[in-house]
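Here the protein sequences line up with chains A, B, C and D, keeping their order.
Quick note: the first sequence uses UniProt numbering, first residue 1, plus one each step.
Quick note: the second sequence uses UniProt numbering, first residue 1, plus one each step.
Quick note: the third sequence uses UniProt numbering, first residue 1, plus one each step.
Quick note: the fourth sequence uses UniProt numbering, first residue 1, plus one each step.
Bear in mind the hints are in silico, worked out from the structure with no lab data behind them.
If several chains are the same, the list does not tell them apart, and a pair holds so long as it fits within one copy or across any two.
Below, a list of computed lysine-lysine pairs in the DSSO-like style, where the Cα atoms sit at most 30 angstroms apart:
{"hint": "1", "residue 1": "K28", "residue 2": "K179"}
{"hint": "2", "residue 1": "K271", "residue 2": "K101"}
{"hint": "3", "residue 1": "K215", "residue 2": "K166"}
{"hint": "4", "residue 1": "K179", "residue 2": "K3"}
{"hint": "5", "residue 1": "K331", "residue 2": "K215"}
4 protein chains.
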Amino acid sequence: MNKPLKIVVIGAGSSYTPELIEGLLVRKDEMQISDLWLVDIEDGWEKAQIIAALAKRMVDRADVDMTIHLTQDRQLALKDADFICSQFRAGGLEGRIRDEKIALKYGMIGQETNGLGGFANACRTIPIALDICRDIEELCPDAWLLNFTNPSGMVTEAILKHTNVKTVGLCNVPVTMQKGAAAILGCKEQDLMIQIAGLNHLVWATQILHQGQDKLSEVLEAVLAGNDSMVPQNIPPFAWPENLVRSLGMIPCAYLRYYYQSQDMLDEEVKELQHQDQGCRAEVVKSIEKKLFDIYRDPHLDVKPKELEQRGGQYYSEAACELMSAIHNDKRSVMHVNTRNNGAISGLPDDCAVEVSAMITSAGPIPFNVAPLPTDTLRLIQLMKEFETLTVKAAVEGDMNAAIRGLILNPIVPTGHVLEQALAETIEANRAYMPQFSHLH
Amino acid sequence: MNKPLKIVVIGAGSSYTPELIEGLLVRKDEMQISDLWLVDIEDGWEKAQIIAALAKRMVDRADVDMTIHLTQDRQLALKDADFICSQFRAGGLEGRIRDEKIALKYGMIGQETNGLGGFANACRTIPIALDICRDIEELCPDAWLLNFTNPSGMVTEAILKHTNVKTVGLCNVPVTMQKGAAAILGCKEQDLMIQIAGLNHLVWATQILHQGQDKLSEVLEAVLAGNDSMVPQNIPPFAWPENLVRSLGMIPCAYLRYYYQSQDMLDEEVKELQHQDQGCRAEVVKSIEKKLFDIYRDPHLDVKPKELEQRGGQYYSEAACELMSAIHNDKRSVMHVNTRNNGAISGLPDDCAVEVSAMITSAGPIPFNVAPLPTDTLRLIQLMKEFETLTVKAAVEGDMNAAIRGLILNPIVPTGHVLEQALAETIEANRAYMPQFSHLH
Amino acid sequence: MNKPLKIVVIGAGSSYTPELIEGLLVRKDEMQISDLWLVDIEDGWEKAQIIAALAKRMVDRADVDMTIHLTQDRQLALKDADFICSQFRAGGLEGRIRDEKIALKYGMIGQETNGLGGFANACRTIPIALDICRDIEELCPDAWLLNFTNPSGMVTEAILKHTNVKTVGLCNVPVTMQKGAAAILGCKEQDLMIQIAGLNHLVWATQILHQGQDKLSEVLEAVLAGNDSMVPQNIPPFAWPENLVRSLGMIPCAYLRYYYQSQDMLDEEVKELQHQDQGCRAEVVKSIEKKLFDIYRDPHLDVKPKELEQRGGQYYSEAACELMSAIHNDKRSVMHVNTRNNGAISGLPDDCAVEVSAMITSAGPIPFNVAPLPTDTLRLIQLMKEFETLTVKAAVEGDMNAAIRGLILNPIVPTGHVLEQALAETIEANRAYMPQFSHLH
Amino acid sequence: MNKPLKIVVIGAGSSYTPELIEGLLVRKDEMQISDLWLVDIEDGWEKAQIIAALAKRMVDRADVDMTIHLTQDRQLALKDADFICSQFRAGGLEGRIRDEKIALKYGMIGQETNGLGGFANACRTIPIALDICRDIEELCPDAWLLNFTNPSGMVTEAILKHTNVKTVGLCNVPVTMQKGAAAILGCKEQDLMIQIAGLNHLVWATQILHQGQDKLSEVLEAVLAGNDSMVPQNIPPFAWPENLVRSLGMIPCAYLRYYYQSQDMLDEEVKELQHQDQGCRAEVVKSIEKKLFDIYRDPHLDVKPKELEQRGGQYYSEAACELMSAIHNDKRSVMHVNTRNNGAISGLPDDCAVEVSAMITSAGPIPFNVAPLPTDTLRLIQLMKEFETLTVKAAVEGDMNAAIRGLILNPIVPTGHVLEQALAETIEANRAYMPQFSHLH
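Just need the whole structure built from these sequences, with the hints factored in.
Structure (structure tokens):
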């Protein structure tokens, strides 16, 4: 395992990239990386240049023998790569802003991975993800693609179904739940064995083992008492419907709020949008990003700045680096990943993507069995998976029937004329990014 | 088969009863009925007396040897009965008005069998239905209970799970679909073989066979072109989302509007409620009922009056009479009934109630197999069945966790604080009818 | 429904054909048949001519306006046909004799539809059945193919999977069970509603309804007490393992002896074979057939002779005629047929053939749901279906891995060297009839 | 983790016990054991005394501070135990000899875990195992029970279903497969990730990962070429049916010979039995055991003797020690264990025992998901599991219907009179050990 590695980052102009660089530098003894290729497109070029410069300063400071390359030539970068991190955002933050605003205009929750926004994001992203995979199949067929491009579950499913690329989908939500549970219990993360199951942004912790005991109800009570350690930093404090969550016997991820507290979420978004200085969530993110890049520009900065931690995707990059190392070194660590179901969650198709706990080997993740879920939780997962699968179909084939049949199932999407109009506006507003629907124009 | 029959009607003060009487009189050669017992409670006594008097005039006119009994003593009536028709409304129309108004107050669809209203109705009705069944188990264990008390699917499931009573749940929706399809095709109803599958008020016609051909798409196109023959008379004209329904390859029942056009339905209900003269749907029904009883009172009336046909539940009673005759005479006719699933719809528990097509024998319904449904439709059915099963559990055991977990799944129920408040108000407003929740007060 | 029908019989030289003719003549008022085409190949020509001559005498005697055609030109016969009865025997009785003797030589049960013999028969028959279906697809695509060529279940599955022909598989076993149950109960057949489930030659009666009661245990006790009315006439008297069958709560068809009494069946076959005058079962059948054709030759014979009834396949042809009439007249009678599973038996693939009770309409059979079977019975059915499905694959694709993997599952087939040798000898001995395995020679 | 452990061995007079002692001594740094309690019954007392004396000598030599206790008082031994190793043989080798001879007398394979012998062994063993568990529930409810009493799968299932004891079933077969695969590949065992799935003595290796590659077909070809490293030492060399096994794409465990080569196995057993000097397998084992105990008696022996390795159960005890250490130290090593299915193998009940690969934590095994098996293999597993489940029911409840219905499914058991007689003789010959069937006498 001593061949030095070539790693490629697609969408390198992301504000998260410094965390990724830091993660790689921290693991310099586990993974010898000769070349790190940063790839971005013209639209993100300015940000990519800032990132590349910062990356070089970080590498220099760490005194590591790793060459940073910056390019718009994706194929050049992919040639013989060992790992590819995909973290691009199709249509940029402008796309996300549009998604949120269109949804809210029609009285729907506007969110980049859920509801109509998740649908729009998938339709913009999946065609590009599949294009990248065609290149991988040709230029580095043995490479592992670590996808943390959102909506991560649907993008992973599209890649698993339509390409031969070895891929794992990642998300910071389960990592945060794991770290949070350790914090609540006051124990080391590696002493916990936490099991996660569901779909991306629709997962539950089903057991939290520590020294032979399942500490789940202890952790759950802390969560209900207001401890928000298990919630990503970018999500403001909130309270769960207490009896509901207690009766589940599982700990829901923060995104379950969209399903367990749908009206509250909508009301909150509407209020935020009306708040003059702030705008919708994507606009808030845009302004945070702007500040981050101002910091990144500083020629004296040669470490990941503290400010990045508030950004929300915290631990994303740590998860990516840990996954690379686990595969590279056959570490057999337990991680929580998006991968092919294959029966891990009974009641879902074998070929769909699920987010489950797995042991990571040099041959990729080997998922643990998910013990039978409570029927009501399974029904929600099955419903949402069907929405996702129909959305993937719509995104790949431009099939409007699949689109509408999927959206109609989604419990946070109202149906009828309002949906038809919102969908039409979504497709029209994204003409440039949704070639699969060009037959509709 | 020549022993004369004893038939009992529970909730006899219903405005539908004259249709039931007519149906029995029309079938006098198929079923010899010596005694028809009309049962109601003190609250409905005035209406029951009007009905009983009309029933006697109808029997006299028909010159049939059938004695009409009117009583509040349910056990006296049930002793050695052959068939029981259950059509009571727990809490009366006042209860339904409350359900609709509470739901609408909280921005939810208010409807007697769907959403929060369906939940409330189930919680009021199921305890009484089970009480009646205890009497049946003791007094007439071989009798068939024909349930058309709403919510018919959940009531039937409660009876199937918690009693030994032989029961079949009935609804006029599939009958109307069958008659409507025949009208559209211009053929005799008995020449059609229509297959229906799903849950009560959540069914689809999956095939419409005529002379060796499946005419479903022909009928579907007529429906999409505006032919509303398949829709019960009390539902005003509406248009389906055309592409969606066409792509299903099945014909949804009218109640699917609550799922395929949820926002439109809510908007419509809000508008109706604001319309000064009219009030909510239940208030409209109340005023129709009042007019009907004014007509029934007429001592010269000795037939079912025409006006009853606009009432909405048209064909309910016809279905009941036909079912009684089919069982009594081992007719082997095809009807669409609520019965134990037992694998008829794959993907649902064996012990739940489903609404499917069946051949009716003297041993009750033998359901046809339901060919695999499109996955998205199955997912919706599975979700709604889970809502129903949790609601039945809540209704029987007073389990608030089951209640909230069920409601949270229901796609036409918003979640969060609004749901908690609406649920609390529902239970408070129904204190007198929901003893199972008395521990909450 | 008044267009006169064209009916084609493939394998018309069968000794059963006179029963079929009789069945058609008896139903002359239900089905007006203008042309009956008898088709056979050169090898069976002498027998076919005898049958054709007898058929003409029978038609003349019945004074029915139906033209009998005899031909070796299958395509001429099929052109614009309405119904096709397939009853050919690939390789003739000589093939069956070979099957039985090879199996017995290797210490295995030798039988035309079970074990190694069933496999051999399927491999000889399915390629021809598919050839016939290619002709049907071209020459009479709307025709119904009634298959009673053995092994009926596997042949039906091959046709369902590999052609677009509308087909129903038939067998006399369920008919005999139904008639036998009526005889035991002393009631009319049409007053019984008997439900049958499983695979061809592997079915159980699961309920026997009469006047609202399930009489199954009454019938079962009669069977265990020695009443053999439910067993085809060609099967000699035998006793079931009493406790086993009683505990099943279902009545097994006679062929279940091969699974419930495997050693006894083998011992019996070995004894029969050693009996000098008699030979194996197929040789007995051959000698019966010879006598029958001697009778058929008699130019004075113009009815179905009594002797035919001992032949074993009794009611086969009656079932075929009744099925034709039920389809032609949309009779909605209940019959027991081999058809696509589609979920009727939970736990089997949708696309496999099962033998179940169905209502027969002009669009073909609509199967009843099969209530969940006892798990042990389901396991046997699942195992045998997998054997069948692998055998169909072997027969269609010449896939030797499928062949061996299927045979290894079959509980009446010993495995190891003995199986490898027996299989090799089977394929070698059938070179002329198994072109799909020509790559092995 | 520093409380010294109390370990109990039930059936300590087993000839394997020295291997267990050695395993514990080797792991003295991982597990500090203060007390090792050896328990046996009067019938095995002489052997138990020999073992205890040898154990003391081994402990002395290793200079470890561990007290050896020998007792017939099981409850005294169990009080506050941490781990219990169950390795008793109900009825002793005499029982096994009887099983093998009765089966062979009736022309059946005679084997201690398969077919009729497995059934008999289960019926003798399960009542005792459950008795032990009642003691554990009372005296050391937190202890882990490591079961390697045969038939390990059925005994584990009985314990899982009928007690609250934390248990894991173990077998040396998967361990041997893992070690053999490493030997074939010439790599370290810990560098392999081998996945095993099925039931006890009915497992397949489904993948053999090494450095990111699945080496299964390489290993499979070595196996087919005659490399017997994956086969336990006590099983003589044999050749698999080559095409069959190659087409599986999985490596079967040696016991699959009973299903893939049933006639060969029977012939071999019959031949062995007829061989004058040798007797049946159990008699061979008895004579090996006699020699081993002669060696153990030697007061100078203070290590595990070499001769033990030919005994057959090699690695059993190593697996037990490794499992104890993995639980005690939360090692998260991958082992292959019998545990509750819970969906790990789709198509089997949640509550049955399966043999699968799992990560071992301080809370016990967390099974990996088993990717969907080929349908034919699944069918065999489902069938055999049903045999096992019915056998467990028969063993626990004395239910003869369950017994016969289970045995009839078993593909290596012939059915009919021969089975009824063999079963009756089995129960009669085991009167003293099968109290559950006392109602039959």
